[in-house]
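Q: Okay, here's what each chain looks like letter by letter:
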Amino acid sequence: MIHLNITKPLHTADGTIELSVNKEIESGDFLTLFGKSGSGKTTLLRIIAGLETPQSGTIVVDGVVWFDNEKKINLPPQKRNVGFVFQDYALFPNMSVRQNLEFALKETKESKKVDEILELMEIQNLSSMKSEHLSGGQKQRVAVARALMTNPKILLLDEPLSALDGAMRLKLQEELLAVHQRFGLTSVLVSHDISEIFRLSNRVFQISLGAISRDASPSELFANQNLSGKFKVIGDILSIQKNDILYVVEVLVHNEIIKVTAVKNDIKNLNIGDKIMLSSKAFNPILSKV
Amino acid sequence: MNILKGTIVSIKQSESLMLVFMDVEGELFNSLLLEGDKNHFEVGMNVHLLFKETEVTLATTSSALSERNAFCSKITNIENGKILSNITLDFLGNDINAIITKGALHGLKCKVGDEFLWVVKANEVTLQPE
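So the protein lines, in turn, are chains A and B. Letter by letter, the first sequence follows residues 13 to 302 in the working numbering. Letter by letter, the second sequence follows residues 4 to 133 in the working numbering.
Just so you know, not all the hints are guaranteed correct.
Unchecked claim - Computed footprint of chain B on chain A; a stretch qualifies when at least three of its residues, placed anywhere within it, have a C-beta under 8 Å from a C-beta of chain B: (1) 251–264; (2) 285–295.
Claimed, not checked - Keeping only pairs whose Cα atoms sit at most 25 Å apart, straight-line, the calculated SDA-like set for lysine to any residue is: (3) B:K85 <-> A:V272; (4) B:K114 <-> A:L146; (5) B:K124 <-> A:I257; (6) A:K280 <-> B:E30; (7) A:K244 <-> B:I78; (8) A:K276 <-> B:K124; (9) B:K55 <-> A:E128; (10) B:K55 <-> A:V245; (11) B:K105 <-> A:N277; (12) B:K8 <-> A:M289.
Simulated from the structure, these hints should not be mistaken for lab results. Quick reminder that beta carbons are idealized off the backbone N, C-alpha and C, glycines included.
Starting from the given sequences, assemble the full structure and let the hints guide the process.
A: Next up, the structure:
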């Protein structure tokens, strides 16, 4: 459990605002921080990591005080047991993958640990390559591997996949989720991608102007309607075609196209490219073994 | 989508299956739901009842049906396509649209001004808290 109760002034393009957060993050949560640029998401992540210092307040993780302004406690990043994955990977370009991972170790000569993580992330074959020669997806996999080297309890992910294309993104989302579950992590993600948030997280803090304006599950937050449907997915509208007196709406969900019928009134406010929720009751879908 | 406003008057539950009864303009509606532990429906709550036009069927007023969501209404409009027809009925001031095949429409000899039963199965009714 992470108890966060902190404030810090933020200097943004729109002037100075105060980042003020008083929340608890449960162990095992996969939390997303969602909000406009400059709202304080990355700063909050960096505060948890110890890369920035709050002006006031406390951070307590599983009963251990990481930060207490009054008691002058401020654990340095390396004592906080967090893994951090950045959008730009932040690897040493002229070091090999193995050297990048070894660099993250507190003690040298833990080559067994390096092998274990290389295997887990399925990047053994890259181990001697220099990281500057890797593709974006490979780099991010190495960055995740490096974040895991110190056995963190908390994984902080600052838009880790936003530079990757669709298919690679999906693959790495699955890997992140697997890592989160396998290591029993508490993960905090900054993301703007609603489908990614749905796939990965169980809880979302919406941050605006430094304050958490909503704390909800992804479906509560984005669907914005508590439908009693049982089958819910988020997709993008690809096309809307009139067909007899109905309209056929093609929706891209993950990488599959789903066709749904609608009537004129349903599509009144829908445009190609819009993100929509598809829902159906538990009684409609038919199961057949493949 | 057909949308009606109602108030939950009673809930019957069998493990995660829920049968929710609603008062809509003085008529009783049923919705069958599969809910987890965190269900958010309770008696007295105002809800929207949502159901697709293609889930609404028509019957003559003297038909006997297993479905209790069956209400007598006057047809106010008929729009024909090539194989489908959209029939609009006036349900106590609310438009209900039913999309059935054109052949079925001819079989029933529906025309504007006639009274028909319109029917929607309880498991096709989605509820949305207001």
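Q: Hint by hint, note whether the structure agrees.
A: Structure-based check of each hint:
1. Residue count for the stretch 251–264 of chain A with a Cβ under 8 Å from a Cβ of chain B: 3. That meets the three needed, and the coverage hint holds.
2. For a cut-off of 8 Å, the count of residues in the stretch 285–295 of chain A with a CB near a CB of chain B stands at 4, and the three-residue condition holds.
3. Taking the CA atoms of K85 (chain B) and V272 (chain A), the gap is about 19 Å. The hint holds against a cut of 25 Å.
4. Note on K114 (chain B) and L146 (chain A): the hinted pairing is violated, with a Cα-Cα distance of about 70 Å set against a maximum of 25 Å.
5. Using a Cα cut-off of 25 Å, the hinted pair K124 (chain B) and I257 (chain A) holds, with the two alpha carbons roughly 22 Å apart.
6. Among the hinted pairs, K280 (chain A) with E30 (chain B) is inconsistent with the structure: their alpha-carbon atoms are about 30 Å apart, more than 25 Å.
7. Distance check on the hinted pair: K244 (chain A) and I78 (chain B) sit about 34 Å apart at the alpha-carbon level, beyond 25 Å; violated.
8. Pair hint K276 (chain A) plus K124 (chain B) holds up; C-alpha atoms about 23 Å apart against a cutoff of 25 Å.
9. Distance hint between K55 (chain B) and E128 (chain A) is unfulfilled; the C-alpha atoms sit about 53 Å from each other, more than 25 Å.
10. Distance check on the hinted pair: K55 (chain B) and V245 (chain A) sit about 18 Å apart at the alpha-carbon level, within 25 Å; holds.
11. Using a Cα cut-off of 25 Å, the hinted pair K105 (chain B) and N277 (chain A) holds, with the two alpha carbons roughly 21 Å apart.
12. Taking the CA atoms of K8 (chain B) and M289 (chain A), the gap is near 22 Å; set against the 25 Å cutoff, the hint holds.
In the structure shown, a violation is registered for the earlier hints numbered 4, 6, 7 and 9, in ascending order.
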